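Colleague: Each protein sequence line maps, in turn, to chains B and V.
The first sequence begins at 1 in this note's numbering and counts up one residue at a time.
The second sequence begins at 1 in this note's numbering and counts up one residue at a time.
It should be emphasised that the hints constitute simulated quantities derived from the structure, not laboratory data.
Check each hint, because a few of them may be wrong.
Keeping only pairs whose Cα atoms sit at most 20 angstroms apart, straight-line, the calculated EDC-like set for lysine to aspartate or glutamate is [what the hints assert, rightly or not]:
1. B:K98 with V:D41
2. B:K88 with V:D109
3. B:K54 with B:E264
Remember, predicted model here, so these are calculated numbers, not experimental data.
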Amino acid sequence: MRIKSGYNFISSDFESNQLAMKSLDTEIKGLLKDRKLFKFMSKQDKLMALCALKSWEQAKIEEDQDLSRVGIYLCVGILPFDEAPLEKLCVKSITDNKFDIKVFSDLAYNSMNPLLTFKCLPNMALFHTSYNLGVTGRYFMTYSGVSDWVQCLQKGIKDLEDGIIDYAIVGSACDQDNFLVRQFYQRLGHDLNKDPIDSASVMILRRDDLGLQIKDVIESYRPVDIGNKISEIQGKTLELPLGCSQISLEIVTKLESAKENHCETIDHHTDFGTSISIELGGAQHE
Amino acid sequence: MSNRVCITGIGAITPIGNDIEAFEKSLYDGVSGAGEITRFDASGLPTHIACEVKDFSANYRDIKVDFALKASREAISNSGLSTDQIKKANSSLSIGIGLELFSMDDLIDVRFNGKTSNEISFLNFPSDLCAHMISHEFGFNHSPAIHISACAAGTDAIGDAYKKVKSGSLDICLAGGTDSMVNPMGIAGFCRIGAMTTDNENPKTASRPFDKNRNGFVLGEGAAFLVLESETSAIARGAKVLGYIVGHGNSLDAHSVSDPHPEGRGAYDSMKRALDDSGLDISDIDAISVHGTATPKNDPTETYAIKTLLGDKAKTTPVFATKSLVGHCISAAGAIETVTSVIAFKRQELHQTLNLDEVDESCDLCHVREENLKGDFKYILKNSFGFGGQNSSLIIERGPQ
């Protein structure tokens, strides 16, 4: 049996995004173990780290907890690239408005900030989360949709059941208000282009005999033929990171409102052919 | 329920061979896959050599998708599994994979040539689609697991598959990794952080793990997959067992954004956890397939961690570095190196670490160098350590002789 002992959610909408990101920067700076690492963080890294740090604090984990027995299980969105540095690289990579590798090598390369490499790596969300919490246990790092996040949830639960960790940090983060994602939505004529949303969610799970429970996670999978539907499917995959946060929120909301011995189920279907059913149990006491 | 986890099929496409047979021959002939980059003109960048896959034409713009399809088909074919058998079993894919291919050409067309994103294939293929394509082709009936833990991703993918088969949640899992970062942004990004060698004049000797004169890795590319299957399933269909996965562990350094922990704390933890998971003792380990990137900091750190784990046995346990031949294949590295271990069991022979002319004093392990090593090998410990402090280790056992 598993108990949710801490959780947090962050999201921002398109119009208020600039303001939200300023707030995100201020908030995460105040919590970082080493502020010098702030410049290495992409927006996605910040979303994930902030959410995890808040959840950890809220969960009131014992101070003497052995951090080698805490696992981190994360799902991130795709394309976490900043526009400004790439724009700069473009300008310094062209001849007659065409990409020119010679110019790229001479000008763009020399103006390229090494930090860009770190910011583009999707696994850095895992580094920043582990570093700031001091966690050295197991991990699973994946992307980019609901079925992948469910694998995080399942893996965290399995490691708890196997007794190799005491706590599982299960999270998702996606940087969707991003120029590359918007280009992608535009190409696909996707509705989310009008209102891309950044989001993050983290639940901290522990094994226990009492309390709020995720009783079971069941999935079925019937792979779709992607061959002739790549464009169509690409649009769907971009929707999915947000879905992770929505399901996390649904789990927590339903668990909080669940009565003793009352069971609820969350069902979700993805466009890749995965169906998920998460069975929740009511609180006996917390 | 706990199953023994068999390896019943392998497939690979690498810089030194486009299938298992060619790869094996090159491994033991000591062939380096390094040369001048041919995919684009990299001559103006600080590093313009890499270990590229050769004589291969791609259908997808992102070549790692083609690598994955080719290697996975070889592995499934090698296992003798039919589509019907796969569909009737609990089956899935566990894949380590790199980033989406980022296209500067497309970005420039959008920015400066008035093209709309409809007219180009801008960031044309999110990598997770590759997993669903493979799943569809073979008829897997459980969601694929996609691992993006950088250089540890391939090993994590195999470890994850091993645990799912061992626990009984899957009967069959195709596990491995695919990657290629041999493109302008990939090469430039690694150059900018000083991770790669700049020994452009001598590509064949540029990848030199543990050598005193090493100065960074040579980028590689490719894919490898293994069919992992429960012993019950393998016996029932009379499959040939090539080996077993018997342990997996991973860990987080939580130390530095770019450097490994100086005492290899995370590396030690992942090896120890794999060993504990296997129930074996250090005295059982016959050889180590090292991560061995040839960067100044990684090799001493891995050495330190191995010596801490093995104690005096480190002086006599042979270690070999496949990256000396194929370069650093990033998310595919762990999978290619695990396949290398399966081949080593079959031959009872470890390939030499190429270009290890003078062992660095901080890397004083029992290296297989100058020639291949014949022996009696039953268990190999396999390491992969990722940028950002993600460490993963496997223990592989030889198949029935």
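Colleague: Decide, hint by hint, whether the structure agrees.
Modeller: Going down the list of hints, with the structure as the test:
As the CA atoms of K98 of chain B and D41 of chain V are separated by approximately 15 angstroms, the hinted pair is consistent with the 20 angstroms bound. Only pairs whose Cα atoms come within 20 angstroms are accepted, and K88 of chain B paired with D109 of chain V is accepted, the gap being roughly 15 angstroms. The straight-line distance between the Cα atoms of K54 of chain B and E264 of chain B is roughly 27 angstroms, outside the 20 angstroms bound, and the hint therefore fails.
The structure is inconsistent with hint 3 alone, although it conforms to all the rest.
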